[in-house]
Amino acid sequence: MYAQMIKSEASQDDPEKLAAFQARIDRGEKIEPKDWMPEGYRKTLIRQIGQHAHSEIVGQLPEGNWVTRAPTLERKAILLAKVQDEAGHGLYLYCAAETLGISRDEMTEMLLDGRMKYSSIFNYPTLTWADMGAVGWLVDGAAIMNQVPLQRTSYGPYARAMVRICKEESFHQRQGFDVMMKMCQGSEAQKRMAQDALNRFWFPSLMMFGPSDKDSKHSAQSMKWRIKMNTNDELRQKFVDQTVPQAEYLGLTVPDPDLTWNEETGHYDFTEPDWAEFMEVLAGNGPCNRDRMEARNRAWDEGAWVREGLMAHATKQRAVSVAAE
Amino acid sequence: MSDLVTYLTRLGDNTLVLGHRLSEWCGRGPALEEDIALANTALDLIGQTQMWLGYAAEAEAKGRTADDLAMGRDVWDFRNLLLLEQPNGDFGRTIMRSFLFDHWHLLMLRGLTQVSDARMAGIAAKAVKEVAYHADRSAELVVGLGDGTEESHRRMQDALDRLWPYVGEMFIGDEVDAATAAEFGAPVPDMLRAPWDDAVLPILAQATLTVPDGAFAHQGGKTGARHTEHLGHMLTTMQWLHRAYPGANW
Ligand SMILES: [Fe+2]
Ligand SMILES: [Fe+2]
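Residue numbers (the working numbering), protein chains in the order written: chain A, 1 to 325; chain B, 326 to 575.
Simulated from the structure, these hints should not be mistaken for laboratory data. If a hint is listed, it holds; no wrong ones were tucked in.
If you anchor each label on the Cβ, the simulated ranges turn out as follows: (1) A457/B / E106/A: 32 to 40 angstroms; (2) E500/B / E294/A: 49 to 57 angstroms; (3) S321/A / K451/B: 31 to 39 angstroms; (4) T561/B / W36/A: 56 to 64 angstroms; (5) R164/A / K451/B: 25 to 33 angstroms; (6) D499/B / S103/A: 48 to 56 angstroms; (7) R389/B / E188/A: 22 to 30 angstroms; (8) V148/A / A503/B: 55 to 63 angstroms; (9) T533/B / L18/A: 52 to 60 angstroms; (10) D538/B / N285/A: 49 to 57 angstroms; (11) E294/A / R479/B: 22 to 30 angstroms.
We put the beta carbon where it would ideally sit given N, CA and C, even for glycine.
Whole structure, please, built from the sequences with the hints as guidance.
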């Protein structure tokens, strides 16, 4: 999931208004931008949607890393289309967040100076072509787990953005799986690449769902507001249950010696990711945090003259059309 | 190589080389809308490459595929215009390069929709719609940035000055052009200069940019006689994976 550890804000609002707001949510009504909403609801959503949007944008980098080295024209085209979709997701989500009274530029500045986060997963490097398969299969797969329920979230613009995004994400996941299939049916070197990609992306993918429920302080309020639909552990379990048979089908080994099917629960038992590593990644010490932020900052700084130039031109055009009236 | 194969290879190498160059921008554009547009244009061009080089490979009849041509040839076998292999530079140079090419490309494709070879005409008919959009978009950016701030104007003028010596090659015909013109009614490059000037010069004027003096034209891309040093580095990246694992299926 692209939003992790979203701190929810307590609300200082009028208790009667709060109760009426909660009743609307409990009835399953959608909250729209012009409706009254508690300040905490608004702020938490900005943080959550903003983080999700930033993840789409930063997420272009690990895949962009292979666009210029894609092994065939068709793979190059598919990867370009995917990266373009992700940028589009970023755009829808920034638009959804803007309905809450914050601008895209403000959110961008907050990403660039570290006040806002993006998903920890994009701080891991993509080292071989098989990583393009693993990212689609596992990362888009984990994102879908989280985003499908969010199509029913209480905030209207967010729910509608999710509907559009989910369709494309499941397409990405199938394409990622297809890359893995080709590798697993290929040469020894390709199989080795595929296994290596799973080894490196398995635990970071499990981390995408955020800390274990017992350590997740902010879930209760967000779940009451229906901006978080399931707990972190529920989604993680669902992801493991879905993904393990897929790995078996590919002939790959999930890098968890303690992974076992539990007849009683009807779920897989699995090893939790290393939460100390997760906290380090969030603190800026993942393998690629500095590279990613440098790349985004450079793009933004080097693009300043373009944005300013186009704005200056638009202003001149407006002046001309006003003068003509 | 038959004239048809050479002709198709030139078309496909143009779209491949520019498509690749644009894909180098991935995730690094000056604004989200530009990231999307650059990826989209690159995607169109790679799609056109699949069609042109796919046809070239079939016409060649040596059992090669479009991928073999794209990933397996060395610099001297590439037949793209020198303009397109020039490095991206800043966003202004990237857009100027596209602008100069897009309007030539559009004229070329319009002509190709009329040729007697049905397959060539079919590919052109599909591509021409995409390229009409590329040409509109690059023109809009050239005007916006040329007539924007002092800095954006200076950068666009620099880009135009830097790339201008590569414009002429687009309009220099050779025996391959003459043969395909005679056989299929394909457009003759020399004849495209006047309509290109008609399309491009007013836009440059609107962008408040000064067209450089001088008609000097670097040549050697479309004939393959002498590429620039840049193409080899591009191919090193683009072809590395394909070449490192020969015969692999991806
Ligand atoms: Fe996405
Ligand atoms: Fe995706």
